[in-house]
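K.L.:
Single-letter residue listing:
2 protein chains.
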Amino acid sequence: MKQDAPMQNELMSPDKLEETLRDVGAERYHIHHPFHKLMNAGDLTKGQMQAWALNRYCYQAIIPRKDAIVISKSDDPAFRREWRKRIIDHDGDDDSEGGVARWLQLAASLGLDPDVVKTKSLALPATRFAVNAYLDVVTNSSLLVAVASSLTEMFSPVAIGERVPAMLARYDYITEDTLAYFTPRLHQAPRDAEFALDYVKTWADTPDKQQSVINVLITKCDILWAQLDALHHAYVEPGHIPPGAFQPQDE
Amino acid sequence: MKQDAPMQNELMSPDKLEETLRDVGAERYHIHHPFHKLMNAGDLTKGQMQAWALNRYCYQAIIPRKDAIVISKSDDPAFRREWRKRIIDHDGDDDSEGGVARWLQLAASLGLDPDVVKTKSLALPATRFAVNAYLDVVTNSSLLVAVASSLTEMFSPVAIGERVPAMLARYDYITEDTLAYFTPRLHQAPRDAEFALDYVKTWADTPDKQQSVINVLITKCDILWAQLDALHHAYVEPGHIPPGAFQPQDE
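Going down the list, the protein sequences come from chains V and B.
Heads up: the first sequence at position 108 corresponds to 108 in the working numbering, and the numbers run straight through without jumps.
Quick note, the working numbering runs 251 ahead of the 1-based positions in the second sequence.
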């Protein structure tokens, strides 16, 4: 049994469920990871920042595929229309380029070749395994659990609100243009998180379903945390870059 | 593109293919990982050894499921009979307990509760993601590629041959009973590897198929390497055990 996974056998009120989900984030969201703390403190080299950008691209790149899987599980046109906004946000439309393209601009602005980033071939294997674990969870779970796996977005505006000013202040090569990805996320993520949280509070109406949404949020936090563990191991501690992965040039 | 993945567009002879596959192992098999070197040098604490045993259990536990997926892909009773030996080796029969049970005995002999090990709940999330990546690769590939993913067994007798005497010599709490898992592996792995290698040399008869078997062996090496990276990060470098994972008591 997980050492600190909350276990519960009684039906919680929707608000108590929300509180429990927020507790999971307070304890396990990757904003508390040492790699994020180094980033926000201005202590990453440019090579480490590049490693972060090209690995996290793998995560950004599967988000719209993940959201398409969620849509494929719903019978309700209104739900599907609402969730479709997420795909548009990431893939863009005639008027806007979308988050995936903006992440590639972030990578390019850090000195990476976006065509190489797109191949994902220099990413850490552990990044690919964690990212695919997210696709697996969403593929193999109910609509309710798939929706709940997105609830880390409840915690992301705080992370972005800390990160963007810290990065602008502490890295002279990072500009507002570099970080253009994050600006729309500040209103998209709360809008999306609110919808998903309402959905989960409404439909997690048995103790088992409530436990399953808590568990998947823990799993999702594990997926994000494992990506930063892999970055920290390979690029903060010397000598641990695995065979075939990105080699920073500045060190 | 992978920095050091061999790429080839011409058909190789079967022996040249074997040589290329052996080169992949020489470069990427986890016997070269710092965590294995620490283990063989006698430099792991008992807590680190426990962390290794309980995480690697997750890998041992999926091997017979992986082998069942391989069998499910074959139309040939003779192939299926041959491959079935692997499931018997791991799951046991009326006369023999099998490798999974032997691994639990190894864990128990190191002071872990086998019932807790079996739940996998204290394993690192990165271990679970890597192990599931192996199931995914085998599930989603051709029989040829699924067979080729087992070829790391070509390299395992050398690893075991190094590890067993080193562990017996350098850790006073490790006995031959502790390591009973490894003894049958010394003849099972070469028998299995020879069959799989012959199969791959026979059926990888186009450049594309040859490339696909090389690629999957690289991926399999990445899967094994990522498991040791995760152990090294969490249990060799201080302060990096992720939330919810095993906490050694001896440190």
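Check before you lean on any hint, since a few could be wrong.
Said to hold, decoys possible - Below are the EDC-like pairs computed for lysine to aspartate or glutamate, each with C-alpha atoms no more than 20 Å apart in a straight line: (1) B:452 <-> B:270; (2) B:371 <-> V:194; (3) V:37 <-> B:270.
As the list claims (entries may be wrong) - Simulated DEER-style distance windows between Cβ atoms: (4) V:187 <-> B:449: 58 to 68 Å; (5) B:262 <-> V:81: 46 to 56 Å; (6) B:386 <-> V:158: 28 to 38 Å.
Hints were generated in silico from the structure; no laboratory data involved.
Bear in mind the structure is a predicted one, so any value in this text is a computation, not a measurement.
Where a beta carbon is used, it is the ideal one built from N, C-alpha and C, also for glycine.
K.L.:
Next step is simple, just say for each hint if it's right about the structure.
P.N.:
Tested hints:
no.: 1; hint: B:452 <-> B:270; verdict: 11 Å, holds
no.: 2; hint: B:371 <-> V:194; verdict: 33 Å, violated
no.: 3; hint: V:37 <-> B:270; verdict: 45 Å, violated
no.: 4; hint: V:187 <-> B:449: 58 to 68 Å; verdict: 60 Å, holds
no.: 5; hint: B:262 <-> V:81: 46 to 56 Å; verdict: 52 Å, holds
no.: 6; hint: B:386 <-> V:158: 28 to 38 Å; verdict: 35 Å, holds
Violated hints, in rising order: 2, 3; the structure is consistent with all others.
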